[in-house]
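Chains as they are written, first to last, in our numbering: chain A, 169 to 667; chain B, 169 to 667; chain C, 169 to 667; chain D, 169 to 667.
In short, the hints are calculated from the structure, not lab data.
Take the hints with a grain of salt, since some may be wrong.
One copy or two, either will do: identical chains are not told apart, so a pair holds if it fits within one copy or between any two.
[Unchecked claim] Calculated lysine-lysine pairs in the DSBU-like style (CA-CA distance at most 35 Å, straight line): (1) Lys305 to Lys350; (2) Lys631 to Lys226; (3) Lys350 to Lys631; (4) Lys554 to Lys245; (5) Lys226 to Lys183; (6) Lys589 to Lys226; (7) Lys226 to Lys537; (8) Lys424 to Lys466; (9) Lys554 to Lys350; (10) Lys554 to Lys537; (11) Lys183 to Lys565; (12) Lys537 to Lys245; (13) Lys305 to Lys421.
Small disclaimer: the values here were computed from a predicted structure and weren't measured.
Given next are the chains, with one letter for each unit.
Number of protein chains: 4
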Amino acid sequence: MTLESKSQRGGPLDKFREECGVFGIFGHDSASAHVALGLHALQHRGQEGAGIVSFDGKQFNAERSLGLVGDHFNDPKVISSLRGRAAIGHVRYATTGGTTLRNVQPLFAEFDFGGLAIAHNGNLTNAATLKRELVSKGCIFQSTTDTETIVHLIATAREPRAMVPPATVSPGVVLRIIEALKQLTGTYSLVAMTQNFMLGARDPFGVRPLVLGQLDGALILASETCALDILGASFVRDIAPGEIVIIDESGLKSLKPFLPVASKFCIFEYVYFSRPDSFVEGTNVYGARQRIGAELAKEQFAPADMVVPVPDSGVPAAIGYAQAAGLPFELGIIRNHYVGRTFIEPAAQIRHLGVKLKHNANRATIAGKRVVLVDDSIVRGTTSVKIVEMIRNVGAKEVHMRIASPPTTNSCFYGVDTPMKDDLLASSRSVEQMRQHIGVDSLGFISLDGLYRAVGFDARDAKQPQFCDACFSGEYPIALTDFHSGEQPAQLSLLAERG
Amino acid sequence: MTLESKSQRGGPLDKFREECGVFGIFGHDSASAHVALGLHALQHRGQEGAGIVSFDGKQFNAERSLGLVGDHFNDPKVISSLRGRAAIGHVRYATTGGTTLRNVQPLFAEFDFGGLAIAHNGNLTNAATLKRELVSKGCIFQSTTDTETIVHLIATAREPRAMVPPATVSPGVVLRIIEALKQLTGTYSLVAMTQNFMLGARDPFGVRPLVLGQLDGALILASETCALDILGASFVRDIAPGEIVIIDESGLKSLKPFLPVASKFCIFEYVYFSRPDSFVEGTNVYGARQRIGAELAKEQFAPADMVVPVPDSGVPAAIGYAQAAGLPFELGIIRNHYVGRTFIEPAAQIRHLGVKLKHNANRATIAGKRVVLVDDSIVRGTTSVKIVEMIRNVGAKEVHMRIASPPTTNSCFYGVDTPMKDDLLASSRSVEQMRQHIGVDSLGFISLDGLYRAVGFDARDAKQPQFCDACFSGEYPIALTDFHSGEQPAQLSLLAERG
Amino acid sequence: MTLESKSQRGGPLDKFREECGVFGIFGHDSASAHVALGLHALQHRGQEGAGIVSFDGKQFNAERSLGLVGDHFNDPKVISSLRGRAAIGHVRYATTGGTTLRNVQPLFAEFDFGGLAIAHNGNLTNAATLKRELVSKGCIFQSTTDTETIVHLIATAREPRAMVPPATVSPGVVLRIIEALKQLTGTYSLVAMTQNFMLGARDPFGVRPLVLGQLDGALILASETCALDILGASFVRDIAPGEIVIIDESGLKSLKPFLPVASKFCIFEYVYFSRPDSFVEGTNVYGARQRIGAELAKEQFAPADMVVPVPDSGVPAAIGYAQAAGLPFELGIIRNHYVGRTFIEPAAQIRHLGVKLKHNANRATIAGKRVVLVDDSIVRGTTSVKIVEMIRNVGAKEVHMRIASPPTTNSCFYGVDTPMKDDLLASSRSVEQMRQHIGVDSLGFISLDGLYRAVGFDARDAKQPQFCDACFSGEYPIALTDFHSGEQPAQLSLLAERG
Amino acid sequence: MTLESKSQRGGPLDKFREECGVFGIFGHDSASAHVALGLHALQHRGQEGAGIVSFDGKQFNAERSLGLVGDHFNDPKVISSLRGRAAIGHVRYATTGGTTLRNVQPLFAEFDFGGLAIAHNGNLTNAATLKRELVSKGCIFQSTTDTETIVHLIATAREPRAMVPPATVSPGVVLRIIEALKQLTGTYSLVAMTQNFMLGARDPFGVRPLVLGQLDGALILASETCALDILGASFVRDIAPGEIVIIDESGLKSLKPFLPVASKFCIFEYVYFSRPDSFVEGTNVYGARQRIGAELAKEQFAPADMVVPVPDSGVPAAIGYAQAAGLPFELGIIRNHYVGRTFIEPAAQIRHLGVKLKHNANRATIAGKRVVLVDDSIVRGTTSVKIVEMIRNVGAKEVHMRIASPPTTNSCFYGVDTPMKDDLLASSRSVEQMRQHIGVDSLGFISLDGLYRAVGFDARDAKQPQFCDACFSGEYPIALTDFHSGEQPAQLSLLAERG
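Can you build the whole structure from these sequences, using the hints too?
Given below as structure tokens:
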């Protein structure tokens with residue numbers, strides 16, 4: 169039995185990659201314009217495609233597009249066609265393979281109660297199992313996203329009798345959504361919208377982030393606080409794990425319909441995914457990364473002439489490391505910000521092109537120096553090998569690599585695009601073997617306890633870890649149902665379609 | 169209660185417009201290339217978009233595109249991606265409004281038994297009623313086509329116990345499709361494909377055409393015989409009204425699962441829709457149109473110097489008229505074949521631009537002459553007014569208009585895009601009033617009996633007309649369920665989406 | 169020494185093809201909208217690309233586009249950006265090869281006297297010779313069109329002293345243009361525009377057409393009268409061979425600066441190029457084609473059951489033939505009007521696809537009949553072979569082919585895209601050899617004298633033919649300078665550029 | 169008399185903007201692939217469009233495209249169509265207005281000696297004067313670039329007798345190019361290519377950079393060394409001011425045909441234009457910027473809690489400042505790297521959107537702190553105002569702005585896109601007035617002497633400055649011919665064309 173992770177779809181990925189960002193606003197005259205800006209601020213969470221659905225009191229209006237938010241939604245005609253005071257949106261990760269507009273969210277469907285648009289960040293671990301059941305009941309799947317599974321569950325859900333819904337807000341519809349969510353295993357931060365209300369929901373473990381904001385009396389749901397900042401909106405609070413919020417003209421109502429469990433926020437959001445200026449779960453990401461760097465300097469000090477980050481993701485930790493170690497911080501690697509689409513390697517004689525399209529070693533700074541090179545993580549290790557070679561080629565005397573996360577030994581199944589376990593450098597190698605592979609004079613990772621300390625805990629609770637740290641520890645807090653049932657992964661379809 | 173016909177979607181249509189063409193081939197190495205060519209030959213049945221789905225033994229492969237068949241499917245890369253020895257395709261009518269790729273067929277869905285692709289020509293008159301029921305059962309609609317209703321009926325159908333299916337061909341699946349079709353009211357000529365077989369079906373009244381052909385041992389289903397001719401395929405026979413054919417590796421099996429009813433082939437296929445070189449229901453269309461012209465000359469002779477067709481649709485009837493009347497046939501109106509997309513009228517001073525973009529009066533031929541002007545039908549009458557004015561402006565002495573069909577007094581609900589009844593010139597005017605409106609010296613229509621005679625019957629059977637002639641007679645042979653139930657027309661959706 | 173004609177660029181062309189159409193209007197508020205419509209009416213003279221340049225009193229505004237006029241210039245934004253009361257435009261022929269926007273006219277250049285836009289129909293036979301001289305003087309060529317040669321000649325021309333220009337109209341500029349035109353050998357119908365006036369010019373032999381029209385006080389220049397009709401403009405007169413007209417706010421002035429020569433209008437304009445509704449050189453084209461057909465019936469009568477045209481170009485002659493021969497006229501071949509871009513033949517087993525994409529034999533009409541098949545001309549003969557085979561395949565008893573022009577034995581170098589001489593079927597074969605090649609029971613061409621009779625002359629004047637008939641006779645009235653000097657054809661460039 | 173600088177074309181620019189980058193390689197099997205990569209590394213010098221011309225021994229091959237290098241030239245089909253062992257390329261700056269493919273370089277033209285492709289970085293100050301003369305001689309201009317002026321000068325130049333050319337390399341052609349260059353006033357770093365050789369040239373003052381590199385025996389010319397690094401090519405030397413190098417199969421020849429003058433390299437290349445990893449005129453740019461920061465800390469120390477750069481251009485100077493001042497370096501502003509095309513401000517209530525699309529203040533880091541904010545320069549000041557407001561809004565206690573260049577008081581006319589003098593904040597304000605305008609607690613600029621010290625001189629030589637520093641000093645070392653003659657700027661054209 170093989171556990172297939174999603175990155176088979178893409179090329180030789182050498183970063184973990186957040187799969188989505190969501191945004192919604194209810195009660196604002198420029199709803200869709202604000203969604204477009206919010207999605208732009210969340211662009212780091214997904215660059216494959218973006219979509220917005222608005223509701224104008226009569227009709228839902230949708231626009232979906234492949235590419236960056238600013239490529240399509242900067243068109244005033246597009247924005248003005250998305251009429252209405254409520255709108256939700258979604259950005260989606262990039263893969264090199266079968267990208268199709270059909271999979272760009274929000275998904276929209278019509279129910280007996282009217283329309284529903286839904287945008288999803290996360291990954292269901294029982295999607296294939298649920299899909300098989302739904303298809304056998306007569307449901308038809310037209311996309312290859314988990315999200316369509318949620319929509320079918322809502323469509324086929326019936327209002328439970330026992331539970332008493334909140335009196336004012338479309339009780340039947342909300343209860344059917346809850347009924348659907350109860351069947352899900354996996355992770356989700358959802359933003360949905362009907363003709364009457366906007367809904368936000370986080371899975372009981374709260375693996376993926378979701379925050380609540382406010383602007384001019386309108387309420388906002390977003391993956392990260394940086395999407396509030398771009399609008400000048402104020403941060404209200406995090407949506408709690410297992411919480412469902414219903415936002416309508418009468419304001420916000422909070423439901424907690426699930427059995428409470430210990431929360432398991434994704435610790436990798438601090439390491440890499442979230443934007444440095446965001447606050448997630450109450451903690452500023454830049455500050456956390458600096459403390460990770462400082463902790464790393466304590467645990468893995470290296471005598472050197474300077475600290476050099478692998479830009480841009482290694483910069484905050486490198487600053488923290490340099491400050492704690494008392495070493496100068498230097499831009500020893502310069503990044504080309506115009507990368508855009510990938511160049512095809514045009515000729516065999518141009519080696520290591522991939523990394524050079526994006527990075528160049530700063531010879532004048534590095535030549536003859538002992539360098540501490542700080543990166544956020546090592547995934548496949550291919551980039552590290554090339555960067556180290558590049559730095560050595562310009563004459564670095566020593567290269568000491570320091571990594572602002574523990575060795576990533578396991579794939580993620582909770583909404584992150586990661587290589588298969590066998591392709592993770594750390595999955596089958598000791599630190600010394602990795603050091604030799606990468607070709608550095610020394611290699612050091614922060615410990616998992618050190619990482620916990622940097623984000624505010626004394627140490628990892630061995631029995632009940634405070635975060636989901638499965639990629640480091642292999643302890644998966646949420647059942648991998650499809651995997652254990654040998655189910656075909658949900659995203660594989662009988663249909664191959666382009667465009 | 170207002171009966172809304174479909175042409176509200178489009179601009180001020182002045183032709184009845186066939187809504188679709190279908191094509192399928194089973195058992196040929198170049199299956200998708202042949203489908204592309206067949207669809208090209210059926211392009212007159214729909215210019216909005218085209219799609220092809222093939223099955224390669226493992227996977228279904230789909231390509232859909234807005235625009236003409238030759239704009240997209242002439243790309244060898246596209247054709248070679250549509251692997252497999254079985255493929256079906258569809259061309260779809262043009263509207264000026266909300267055209268979207270989402271509605272381009274064939275539709276594809278996954279079921280418990282595997283994948284199914286389906287292409288549909290026709291219109292269901294109980295689609296809204298069925299959709300309401302399906303949505304209340306939890307079905308989700310993602311397009312605005314009738315065809316999706318059929319797919320959901322198949323998905324939710326269960327195998328009936330009583331009936332014994334043919335032993336060899338995927339009996340359960342076929343029975344479920346039959347079960348679904350039994351719930352439909354309206355018209356359909358369908359081509360569908362599963363992993364095991366291709367299926368063709370015509371509604372019990374046989375309103376829309378569907379023929380069977382053969383090429384190199386492969387079997388073909390197509391809307392018209394002209395799609396066989398382009399491939400050099402031979403015509404086998406018409407699919408009978410109410411017949412379902414199953415084509416698989418073992419050959420063809422025919423089922424007739426419906427209660428037999430008197431057939432009602434659309435008589436307008438002879439008047440306008442079908443291509444002149446096609447044979448429909450055993451009759452050559454060009455010959456039928458010539459006989460209509462000859463019959464028209466007998467019924468409505470006008471002393472004149474020449475017979476001039478409104479090109480191109482009036483040409484065969486005008487030839488028949490000229491031959492029967494002993495008058496010269498002349499191209500008094502020249503057509504511009506490069507019309508493409510519609511010009512926006514750029515300035516108020518350019519009047520009657522619409523007709524001039526396509527037609528120009530041939531002054532040298534017409535000036536000073538008495539002209540019999542032959543057209544296939546009058547719908548709104550707007551084009552007729554402009555063409556007559558154009559002909560008078562170049563000096564025609566007399567204009568006698570002759571129409572190769574009876575007055576069109578009623579909308580069609582059986583798969584043809586027609587204006588609302590109130591917008592049909594003949595719905596509220598006598599022939600004399602129409603004559604004055606159009607501005608001709610005389611106006612004559614063929615009688616309904618004359619039309620029947622031209623296509624091979626002595627006269628129309630008043631109790632049981634041999635054709636569907638509802639647009640002329642107002643006698644609708646198939647129940648207009650949605651209309652009588654006051655149901656929202658099925659094609660209206662809560663979602664407005666572009667692109 | 170090889171005489172290379174232009175069609176090497178394209179695919180296996182089987183028609184002579186007019187290379188361009190021009191249109192200009194001076195003094196109208198909707199100038200550019202009218203140019204767009206005029207070009208649309210001239211679309212049959214060129215489908216590769218179209219361009220419009222307007223002058224708004226301060227600035228010239230340009231739009232050029234590949235494709236059909238209606239694909240780009242139906243956009244109101246495009247038209248409204250082409251401000252001004254004077255505008256000229258151009259349509260350009262189609263080739264399958266290296267089409268580039270750089271070659272789409274009108275050409276624009278800045279001179280010491282200001283801007284000049286120019287649109288050209290015709291072909292210079294000393295362009296390469298002139299280009300070599302101009303380049304050696306320091307001129308830089310950026311396109312591969314003859315027209316740029318004219319522009320450079322204007323740029324480098326100096327005002328001649330001797331001649332007295334008309335007092336009021338930009339005399340120096342006009343004289344420089346005349347000076348430039350005097351250096352040209354070959355054919356041209358030009359429309360040009362400066363900040364002060366619009367200019368029309370025809371070469372001294374008047375090979376290509378150019379007419380003058382009037383609308384609401386504005387003056388119009390166009391290749392054919394059909395471009396006047398679409399606007400409701402009135403025809404004033406033909407521009408005379410060797411005439412230059414200057415149109416400005418004060419009206420029209422006519423100059424005849426060249427030594428007078430006997431005019432040589434292209435007789436093929438009657439056979440095929442011009443639209444049937446146009447009047448060229450005072451003669452209606454449809455009428456001329458009917459008379460050609462009638463003359464052909466007299467010269468080459470065949471006992472038969474019907475006359476069938478090769479659509480659409482053979483239709484008028486076939487009508488004339490049928491009327492003169494007393495045979496029924498029948499549409500025995502049906503044309504598909506949605507041809508668009510060419511299909512790639514997708515598989516070897518689909519033979520004769522090319523012709524079937526466009527034509528289908530009407531089996532019911534033709535089977536068992538003796539058919540006179542009328543076409544306008546035979547070029548390579550490839551299409552004729554396929555059409556005859558197609559007609560035989562549906563059971564025609566006899567096929568008698570009649571051609572409404574004499575055998576085309578020579579290439580054209582005067583603005584028409586023709587195959588090389590060796591590729592012309594008639595260049596090396598007797599009529600009997602051609603008959604066998606095409607596979608017909610009999611083959612007949614109209615005589616050159618018969619053609620002259622049909623267009624209004626008793627017979628061809630052997631010493632001084634009234635038309636250019638070089639493609640039939642091999643007598644080239646205008647010197648083929650580049651050819652005789654062994655000069656590299658002007659359109660070949662050192663630069664290969666796409667897009 | 170108004171001195172119009174180029175930025176009138178663009179929007180409200182708030183950066184000086186380098187106008188172009190050039191690259192060429194001679195003698196490499198993958199010539200065009202290497203040009204594409206070199207241009208990608210030079211993308212910061214121009215983002216509007218890119219072009220490559222290669223020569224394959226027979227023909228020149230060209231591709232030009234709007235947008236980024238990697239958007240078009242990553243297509244293997246494009247690269248493989250650019251055959252040949254010699255190729256040159258160009259990237260062009262971005263304007264928001266009338267961008268057109270016609271202006272994308274390299275320019276190509278045919279001469280009596282064959283083809284010539286040319287790519288130009290710089291700006292001619294006598295282009296309008298030269299253009300007027302050339303037009304009066306009969307030259308035709310089809311683009312609006314200075315470069316076309318150079319091409320016409322080459323076309324019209326004649327070989328001077330007196331000078332003896334180097335024996336082996338196309339002496340006549342080279343002499344004509346020299347003759348043309350001698351007529352130019354202004355700045356240029358050129359790369360050109362004929363059928364026989366590649367040529368590099370820098371103007372006598374050497375204002376814009378140009379370097380020579382080597383790879384696998386092939387010689388390379390590039391604007392900056394970072395374009396060598398991406399290929400793994402080695403740096404050979406700078407092309408000297410006033411030097412012309414001729415590179416052909418026999419190697420490199422150097423000519424110095426101009427009267428020697430003191431060189432005036434653009435000091436702003438160190439401040440902002442060049443990439444930090446490049447060496448220009450022998451000095452590493454990152455190191456120079458760090459020293460500028462350190463010098464600035466000495467001259468303009470501010471007591472504070474941290475140093476925050478305006479990313480990305482302020483980073484190296486901020487690092488240097490922080491190190492010299494002994495203050496922590498912090499990322500107080502986070503940049504969004506997905507900016508792409510500009511968003512239209514969708515609603516009035518979204519204020520200061522422009523800066524927020526790109527930057528967000530890092531509240532957790534800044535709140536309650538005294539901040540030294542380091543930027544490379546102040547142009548209009550609009551961005552500074554918004555960034556300072558953004559930082560104050562998140563609670564900065566004090567904001568001390570430090571600028572790594574002197575006040576920019578004058579426009580540039582030497583190949584940089586700058587606002588008009590009146591729009592430069594410093595042109596009419598004291599530092600105190602600027603401080604109030606920007607809203608900071610203190611504002612300090614490095615002195616011009618300090619800037620000279622940082623790039624390696626003891627002080628600015630008052631009589632003969634070692635650099636062009638006109639934007640700071642107002643002393644223009646090269647004549648502004650067009651300006652003093654009141655000539656229309658060369659880039660204004662009579663023609664407005666899109667696309």
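What hints, given by number in increasing order, does this structure fail? Hints 2, 7, 8, 9 and 12 contradicted; others consistent.
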